[in-house]
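J.: Chain by chain, the residues run as shown.
2 protein chains.
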Amino acid sequence: MYKLTFLPDGKKIEASEGSTILESSQAAEVPINSLCGGNGVCGRCRVQVADGKVRADARSMSFLSKDEIKAGYVLACQTKLDGDMEIIIPPESIPKEPQILLEGIQVQYSNPEKIQLHKVPTDPANIFDPLIQSIYLEMGSPTPNDNVSDLDRIIRELRKKTGYGSFEICLSCLRDLALELRENDWKITVTIARYANVWQILEIKGGDVIKDSYGAAVDIGTTTVVVQLVHMKSGNVAGVAGNHNPQNRYGEDVIARMIYACGREENGLSHLNNAVIKNINELIASLASEKGINQEDIHAMVAAGNTTMSHLFMNLKPCTIRLEPYVPTATVYPRVSAKDLNLKINPDGLIVVVPSVSSYVGGDIVAGILATGIADRPETRVLIDVGTNGEVALGNSEWLVCCSASAGPAFEGGGIRHGMRATRGAIEKFTIENGEVHYKTISNAKPRGICGSGLIDCLYEFARNQIIAGDGTFRIEAGKGRIIEKDGETQFILAYSPETEIGEDLVITQSDIYHLVQSKGAIFAAIKSLLDYVGLKFEDIATFYVAGGFGSSLDIQKSIGIGLLPDIDPQRIQFVGNSSLMGARMCLLSAHVARRAAHIARMMTNIELSTYLPFMDEYVAAMFLPHTDRKLFPSVTY
Amino acid sequence: MYKLTFLPDGKKIEASEGSTILESSQAAEVPINSLCGGNGVCGRCRVQVADGKVRADARSMSFLSKDEIKAGYVLACQTKLDGDMEIIIPPESIPKEPQILLEGIQVQYSNPEKIQLHKVPTDPANIFDPLIQSIYLEMGSPTPNDNVSDLDRIIRELRKKTGYGSFEICLSCLRDLALELRENDWKITVTIARYANVWQILEIKGGDVIKDSYGAAVDIGTTTVVVQLVHMKSGNVAGVAGNHNPQNRYGEDVIARMIYACGREENGLSHLNNAVIKNINELIASLASEKGINQEDIHAMVAAGNTTMSHLFMNLKPCTIRLEPYVPTATVYPRVSAKDLNLKINPDGLIVVVPSVSSYVGGDIVAGILATGIADRPETRVLIDVGTNGEVALGNSEWLVCCSASAGPAFEGGGIRHGMRATRGAIEKFTIENGEVHYKTISNAKPRGICGSGLIDCLYEFARNQIIAGDGTFRIEAGKGRIIEKDGETQFILAYSPETEIGEDLVITQSDIYHLVQSKGAIFAAIKSLLDYVGLKFEDIATFYVAGGFGSSLDIQKSIGIGLLPDIDPQRIQFVGNSSLMGARMCLLSAHVARRAAHIARMMTNIELSTYLPFMDEYVAAMFLPHTDRKLFPSVTY
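If you're matching them up, the sequences are chains A and F in order.
Just so it is clear: in the first sequence, position 233 is 233 by my numbering, and no numbers are missing.
Just so it is clear: in the second sequence, position 422 is 422 by my numbering, and no numbers are missing.
So that you can see chain A by itself, here it is in the shape it has in the complex:
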């Protein structure tokens, strides 16, 4: 065993010879960035060994400058322990703290009051019909002439009160039932959930405790996990909490996590499953404690996520999702009890995962379609979710098609030299006025990097000011000294070293620009291909809903300006924030909507862009600012 000290925090741990710095840090819960799951291909886990010997290795060296190598920088994932060490984790290698809710800056979670269940106009019986119902019963006590079993007495009363026919009961509800009934003078609250055409009794409690019942809506994002607690009687949101998905430590995007779950790591799947379950449990525990809610009183949970996240949540191997022909284990997930997944709500609580459409169009998109009501109205509308995978769904009450394009993590800050998520210190706004550079960071902190909305601004401002050509190549002469050559690459300095938190110039490199142009091209090409597939034009679309992590900080005009979104009246483009969470909550509050989710997932036609030949032409054409075909962007004037 060797002694390791991690700076700047000074945490001391012991770790065994042969393990890597990254493995040791993960075991000790010292956070270090890792995008590729420890495979030495992303270069995000750079650390500086201040004291101790390290062996230089080829992989690490390709990510480091000569000065850095001299200064003891290594990749934590490639460096095995060979003695005691003191390790400095530089700011860019420290995962950013969750601050989503604390500062209310990044994701603008959909305002709970905005959910309109009557967005489903095709359902005439649009009553309040939650996934679980608590019913209060007052019964007479048994007599010699009426000595049916306790269970039969309850079911008889439930039939009278609800009009439903068949009931089943969970075993644990029966165990102490005799005592519960008699101690509470035959006055009880029964919580039931529908399953096929049978109602299942999940819980029986003494007295009238209807108002104690809660449900949880959960959005399991690759990057962020958000939990809402919903009061089942009123439908009101009691609280919402979110943080970064801790699976991040095993790989930053879904592909890296699939590789980790299915690769040589023996318990890879368990690590990922445990991470997300633990995270949800912690969010629930903190919300419940804050709001004075007993976790046992949370009787249901609806979770929405992409197909990989849904598999990892249910502890299913996601190993074939990324392999042609992209077949997931399941798209409709079995209903399970909370105890089956170690979720710390009522152990018999109902867990529903919103069904997926395909390997790359998941329950988050289905939930988004529920939230936007696309499948409920005759006019044709589009939902775009911008992330590492850009998903596009298109349709109306008659038909639905969808597709997904691998856009890369650029808009989430991945693969970008100083890219970061939308947290404290990220440049979120950027303009060039009269040749002067202006930026705004989140929390007005010293800049540490640049996030998605900032990158869109940059791309637009560079194009508008002719700092880059249509293909994204820097025009060095237009850079007014901010464009430099360093480490063999052209770079634009956004903020000079003295202004920044990171102690060096904060830059955008030429390859960053190319990545961004590729990403925006993939998303626009997906939208265009899907429209062409069904023979529609942009003007045929009533509304474009945009969902995704950068939400309200996204500048629509600039997004159109770089050719990410189509050039239509910005009034027809609407941000819907976290529509996945909104859809999950709608399922929780309406069994009808939950059944509709399964129906939507089944009826939606998935277009596999990788085998749809016209997509590649669209993609190539879209890798230009704003687009090779300028007629598509008449309003863009640069």
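Derived from the structure by calculation, the hints contain no laboratory data.
Just so we're clear, the structure is a prediction, and the values are computed from it rather than from any experiment.
Hints may be right or wrong, so weigh each one.
Which copy? The list can't say, so a pair holds if one copy fits it or any two copies do.
[Stated by the list, open to error] Okay, derived cross-link-like pairs now, DSSO-like style, lysine-lysine, Cα gap no bigger than 30 angstroms in a straight line:
1. Lys66 <-> Lys537
2. Lys480 <-> Lys446
3. Lys70 <-> Lys480
4. Lys339 <-> Lys12
5. Lys205 <-> Lys317
6. Lys160 <-> Lys631
7. Lys317 <-> Lys161
8. Lys446 <-> Lys317
9. Lys12 <-> Lys278
10. Lys317 <-> Lys187
Based on these hints, arrange chain F on the given structure of chain A.
T.: Same frame as chain A, now just chain F:
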């Protein structure tokens, strides 16, 4: 802590001050009889303290003769430890070893080949329709044009092959499905079970393994537990094993066990539940190992037992069953998975408990009605189950009524001075010819006691030879010296001390006789009351089926002779042995029959004899040999 040595085995244990000898022996798994669950009211846990001091106590003394008290006899349940002790457990206080199957003497388990599923003539679609089905599928592998999820591919193929509409899957089946399918070239065996109108997938295995699937039928008797393993494809019985219900150590009859489960013992219910689950697991393990069956391949279990046994099997508190107005927690038991009850078959295997009718008419009787086909034919028939509770069911395809009478444990050897169960050394046959006593013991061993069939013989022979009067009182003058007075009670010596295993005279006492007359009176009165209730006479009954532990060793003529069974043509009385087990197996082999069990349990009218006034008159009239009303027994000539 004190040191205890138990003889004759010599087992040494340590136990703490204040616990009783019985508690200490139970903790150390040293078996000592206990009928009342340790309440000091049955006197079955007599032990002799050979070394050590004991305090005399009032309860113990009432069960012991002066000589015994002098010799150090005490009741184990009443005697608290007060120092080191050496304790001799006399033969009559040692629970008898299971030997049911080893010697094939006691219960004659229904011959598996006798089950006729077409005993259900009212079912036109009487096909082989087992509770679980294994289906072999060969599927094409996914292509870019057909890349539905693995689960959807399986369900699509299942729909084609079975014609069923809806399927659900257990979570654990999904976990490694992707690998399983691909490693087995898309050839798999799927095991499904019906639930409401959905089919649930319980297991998916590579290749064609249909022939590996087994089910278990279990009869959970208060006294005996029997397991049959059934090959699901052929319906054949692969093996059968049984032993005594180890709950016995906590109380010999259902009342004692209810008291133990609900009394001051903190984990009473757990002890009882664990005991029966462990026992069933052991029986299954030994059968599976003997027959070369993998326990994971046992996909379903149907268990039948009385209402208390069913509650204890499912770990439900049976606390209100024995209290007026006799309300059980449930009569229809939830379907659970094997893992929910720690049963060591396939963890997702389906567990079905045959529904009960009421607190004292259980699933064993419902199973018996299935096995005898009483509910399937127009002629009216009767099923009698003779045990501590005598249950009587009566009816035809149009209607069913039932009742239960507390007959006491006399016919099972309980509450009888030298009574014992039908195991090695029990007198099972007894005659008096020309004044000479003849008896036969099980295994022809030296007599240790007398069992149910022997007691019926005694009662009949005593009555026929005028050794007892009509009310059961000994006529001392007719005893030819075998009738003596000892310890203040009149006794008939069945076997003299030198012939016996127990080292003393083996006797039947006056109070034994009275207990037997009460027991037979209760059962006959129950039959008669139930017939009167529906306005029928004995001659209206096509067949009397008799089920129960003493099975084939019961002498029909003598049973009529003492007035236990009605005086009709013995051809119309038929022994059906363990009809509970037979009915459980029928449920396993036919989902139709399993649904029918629930229907029968619901449609059967339960007559509560304790509140049915005419019963008490019948009972009093029947407490005479053969009966106060001799016209009811014309063929009985003594």
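J.: Work down the list of hints and note, for each, if the structure agrees.
T.: Going down the list of hints, with the structure as the test:
Taking CA atoms no more than 30 angstroms apart as the test, Lys66 paired with Lys537 passes in neither setting, with 52 angstroms inside one copy and 107 angstroms between copies. For the identical chains of this complex, Lys480 and Lys446 are intra-copy neighbours only, at 23 angstroms inside a copy versus 115 angstroms across copies, given an alpha-carbon limit of 30 angstroms. In the homo-oligomer, the alpha carbons of Lys70 and Lys480 never lie at most 30 angstroms apart, since the shortest distance is 32 angstroms inside one protomer and 116 angstroms across protomers. In this homomeric assembly, Lys339 and Lys12 never come within 30 angstroms of each other (Cα to Cα): the closest approach is 36 angstroms inside a single copy and 42 angstroms across copies.
In the homo-oligomer, the alpha carbons of Lys205 and Lys317 lie at most 30 angstroms apart only across protomers (16 angstroms), although the nearest pairing inside one protomer, at 38 angstroms, exceeds that limit. In this homomeric assembly, Lys160 and Lys631 never come within 30 angstroms of each other (Cα to Cα): the closest approach is 66 angstroms inside a single copy and 51 angstroms across copies. Proximity of Lys317 to Lys161 under the C-alpha cut-off of 30 angstroms is restricted to the inter-copy arrangement: shortest distance 27 angstroms between copies versus 43 angstroms within a copy. In the homo-oligomer, the alpha carbons of Lys446 and Lys317 never lie at most 30 angstroms apart, since the shortest distance is 42 angstroms inside one protomer and 65 angstroms across protomers.
Only within a single protomer do Lys12 and Lys278 lie at most 30 angstroms apart by alpha-carbon distance; the minimum there is 24 angstroms, versus 48 angstroms between protomers. Proximity of Lys317 and Lys187 under a CA criterion of 30 angstroms is satisfied inter-copy only: 19 angstroms between copies versus 45 angstroms inside one chain copy.
The structure is inconsistent with the numbered hints 1, 3, 4, 6 and 8, although it conforms to all the rest.
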